[in-house]
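Taken in sequence, the protein lines are chains D and U.
Take any residue in the first sequence, note its place counting from 1, add 34, and you have its number in the working numbering.
Take any residue in the second sequence, note its place counting from 1, add 63, and you have its number in the working numbering.
If you are wondering where the hints come from, they were derived from the structure by calculation, not from laboratory data.
Just so it is clear, the structure is predicted and the values come from calculations on it, not from any experiment.
Cβ atoms here follow ideal geometry from the backbone N, Cα and C, with glycine treated the same way.
Just so you know, not all the hints are guaranteed correct.
[Said to hold, decoys possible] Estimated spans, in silico, between C-beta atoms of each pair:
no.: 1; chain 1: D; residue 1: GLN117; chain 2: U; residue 2: THR176; range: 30 to 36 Å
no.: 2; chain 1: U; residue 1: SER159; chain 2: D; residue 2: LEU82; range: 17 to 23 Å
no.: 3; chain 1: D; residue 1: GLN117; chain 2: U; residue 2: THR68; range: 27 to 33 Å
no.: 4; chain 1: U; residue 1: PRO124; chain 2: D; residue 2: LYS37; range: 44 to 50 Å
no.: 5; chain 1: U; residue 1: ASP116; chain 2: D; residue 2: SER95; range: 38 to 44 Å
no.: 6; chain 1: D; residue 1: THR65; chain 2: U; residue 2: ILE117; range: 18 to 24 Å
no.: 7; chain 1: D; residue 1: GLY96; chain 2: U; residue 2: VAL128; range: 39 to 45 Å
no.: 8; chain 1: D; residue 1: ALA41; chain 2: U; residue 2: GLU135; range: 38 to 44 Å
no.: 9; chain 1: D; residue 1: LYS50; chain 2: U; residue 2: ALA115; range: 49 to 55 Å
no.: 10; chain 1: D; residue 1: THR64; chain 2: U; residue 2: SER91; range: 29 to 35 Å
[Stated by the list, open to error] With a cut-off of at most 27 Å between alpha-carbon atoms, the simulated DSSO-like pairs for lysine-lysine come out as follows:
no.: 11; chain 1: U; residue 1: LYS133; chain 2: D; residue 2: LYS135
no.: 12; chain 1: D; residue 1: LYS37; chain 2: D; residue 2: LYS72
no.: 13; chain 1: U; residue 1: LYS120; chain 2: D; residue 2: LYS72
no.: 14; chain 1: U; residue 1: LYS120; chain 2: U; residue 2: LYS133
no.: 15; chain 1: D; residue 1: LYS50; chain 2: U; residue 2: LYS74
no.: 16; chain 1: U; residue 1: LYS120; chain 2: U; residue 2: LYS74
no.: 17; chain 1: D; residue 1: LYS135; chain 2: D; residue 2: LYS37
no.: 18; chain 1: D; residue 1: LYS37; chain 2: U; residue 2: LYS120
no.: 19; chain 1: D; residue 1: LYS72; chain 2: D; residue 2: LYS104
no.: 20; chain 1: D; residue 1: LYS37; chain 2: D; residue 2: LYS104
no.: 21; chain 1: D; residue 1: LYS147; chain 2: D; residue 2: LYS72
no.: 22; chain 1: U; residue 1: LYS74; chain 2: D; residue 2: LYS72
no.: 23; chain 1: D; residue 1: LYS104; chain 2: D; residue 2: LYS135
no.: 24; chain 1: D; residue 1: LYS50; chain 2: D; residue 2: LYS147
no.: 25; chain 1: U; residue 1: LYS74; chain 2: U; residue 2: LYS133
Each chain, letter by letter, is given below.
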Amino acid sequence: AQKVTQAQTEISVVEKEDVTLDCVYETRDTTYYLFWYKQPPSGELVFLIRRNSFDEQNEISGRYSWNFQKSTSSFNFTITASQVVDSAVYFCALSSSNTGKLIFGQGTTLQVKP
Amino acid sequence: DAGITQSPRYKITETGRQVTLMCHQTWSHSYMFWYRQDLGHGLRLIYYSAAADITDKGEVPDGYVVSRSKTENFPLTLESATRSQTSVYFCASSESWTGSSYEQYFGPGTRLTVT
Chain D
35 AQKVTQAQTE ISVVEKEDVT LDCVYETRDT TYYLFWYKQP PSGELVFLIR RNSFDEQNEI
95 SGRYSWNFQK STSSFNFTIT ASQVVDSAVY FCALSSSNTG KLIFGQGTTL QVKP
Chain U
64 DAGITQSPRY KITETGRQVT LMCHQTWSHS YMFWYRQDLG HGLRLIYYSA AADITDKGEV
124 PDGYVVSRSK TENFPLTLES ATRSQTSVYF CASSESWTGS SYEQYFGPGT RLTVT
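Make a model of the complete structure from these sequences and hints.
This is the structure:
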């Protein structure tokens with residue numbers, strides 16, 4: 035069975051601190067996709083990144099970076115120099131290439147205080 | 064330029080009533096999905112559809128019915144609403160589920176309260 039675990043329920047940091055959100059996944063598929071979504075207080079889901087299982091290269095996009103390690107089944111998300119606008123719920127998700135169904139983690143609520 | 068829309072955005076209904084949540088996308092995406100979001104559970108898949116007239120159950124399908132007679136619409140019906148179905152419902156669509164362009168686009172959500 036597929037499973038995504040986000041062990042951090044809530045994280046609180048002060049603005050400009052770096053913060054890492056953890057994501058651990060379980061799957062028996064050899065081909066799969068990993069995602070991060072952001073859900074701001076307004077409620078919509080914002081796509082941040084997709085990674086396929088064959089691409090372990092880390093990615094950086096501005097203040098955001100992602101570390102994908104198949105050896106530990108982890109896909110962690112780091113925000114550098116956090117800002118108040120980063121306050122949101124962040125979801126990690128897993129999809130099999132066979133079905134396309136997204137399995138979400140429970141989400142991590144990030145609060146960035148000024 | 065609508066993308067994916069859901070209606071209504073907010074709904075209050077009584078236990079036992081039938082209620083239908085609408086989802087419409089303008090991209091002609093083949094795949095559509097319904098998720099519910101509950102505190103502590105993240106989002107869980109209710110039903111999905113690979114094309115018009117092709118639907119399948121997700122993780123939590125009990126109490127829900129879907130149909131897809133047209134590619135752009137994917138309504139979700141609660142046949143006899145229960146308080147446990149109080150939730151936020153998200154519809155999503157995607158062009159495919161493999162490849163470099165794979166992404167699910169989410170609607171704004173419908174907040175449903177069953178009293």
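Consistency of the hints with the structure:
Here the CB-CB span from GLN117(D) to THR176(U) is close to 33 Å, well matched to the stated 30 to 36 Å. For the pair SER159(U) and LEU82(D), the supplied restraint of 17 to 23 Å holds, since their beta-carbon distance comes to about 19 Å. Between GLN117(D) and THR68(U), the C-beta spacing of about 30 Å keeps the proposed range 27 to 33 Å intact. Evaluation of the 44 to 50 Å hint for PRO124(U) and LYS37(D) yields a failure: the beta carbon distance comes to about 19 Å.
For the pair ASP116(U) and SER95(D), the beta carbons lie near 39 Å from each other, so the given range of 38 to 44 Å is met. Separation of THR65(D) from ILE117(U) is about 22 Å and conforms to the stated range, judged on CB atoms against 18 to 24 Å. Against the hinted window of 39 to 45 Å, the Cβ-Cβ separation of GLY96(D) and VAL128(U) comes to about 43 Å, which satisfies the hint. Roughly 39 Å separates the CB atoms of ALA41(D) and GLU135(U), a value that falls within the hinted 38 to 44 Å.
Taking 49 to 55 Å as the suggested C-beta distance range, the pair LYS50(D) and ALA115(U) conforms, at roughly 50 Å. Here the CB-CB span from THR64(D) to SER91(U) is close to 31 Å, well matched to the stated 29 to 35 Å. With a C-alpha separation of about 21 Å, the suggested pair LYS133(U) and LYS135(D) falls inside the 27 Å cut-off, and the hint holds. As the CA atoms of LYS37(D) and LYS72(D) are separated by approximately 19 Å, the hinted pair is consistent with the 27 Å bound.
For the hint pairing LYS120(U) with LYS72(D), the CA-to-CA distance comes to about 26 Å; that is within 27 Å, so the pair holds. A C-alpha spacing of about 18 Å is found between LYS120(U) and LYS133(U), which places the hinted pair at or below 27 Å, so the restraint holds. For the given pair, LYS50(D) sits about 39 Å from LYS74(U) by alpha-carbon distance, which is inconsistent with the 27 Å threshold. Among the hinted pairs, LYS120(U) with LYS74(U) is consistent with the structure: their alpha-carbon atoms are about 24 Å apart, no more than 27 Å.
Pair hint LYS135(D) plus LYS37(D) holds up; C-alpha atoms about 12 Å apart against a cutoff of 27 Å. Simply put, LYS37(D) and LYS120(U) have alpha-carbon atoms about 18 Å apart, close enough for the 27 Å limit, and the pair holds. Simply put, LYS72(D) and LYS104(D) have alpha-carbon atoms about 23 Å apart, close enough for the 27 Å limit, and the pair holds. Between LYS37(D) and LYS104(D), the direct Cα distance comes to roughly 15 Å. Compliance with the 27 Å bound is thereby established for this hinted pair.
Of the supplied pair hints, the one linking LYS147(D) and LYS72(D) holds, its CA atoms being roughly 18 Å apart against a limit of 27 Å. Using a Cα cut-off of 27 Å, the hinted pair LYS74(U) and LYS72(D) holds, with the two alpha carbons roughly 24 Å apart. Taking the CA atoms of LYS104(D) and LYS135(D), the gap is near 20 Å; set against the 27 Å cutoff, the hint holds. In summary, the hint linking LYS50(D) to LYS147(D) is supported, as the alpha carbons are separated by about 9 Å, within the 27 Å threshold.
Proposed proximity of LYS74(U) and LYS133(U) is supported: the alpha carbons are some 24 Å apart, at most 27 Å.
This entry does not satisfy hints 4, 15, going by the numbered hints stated previously.
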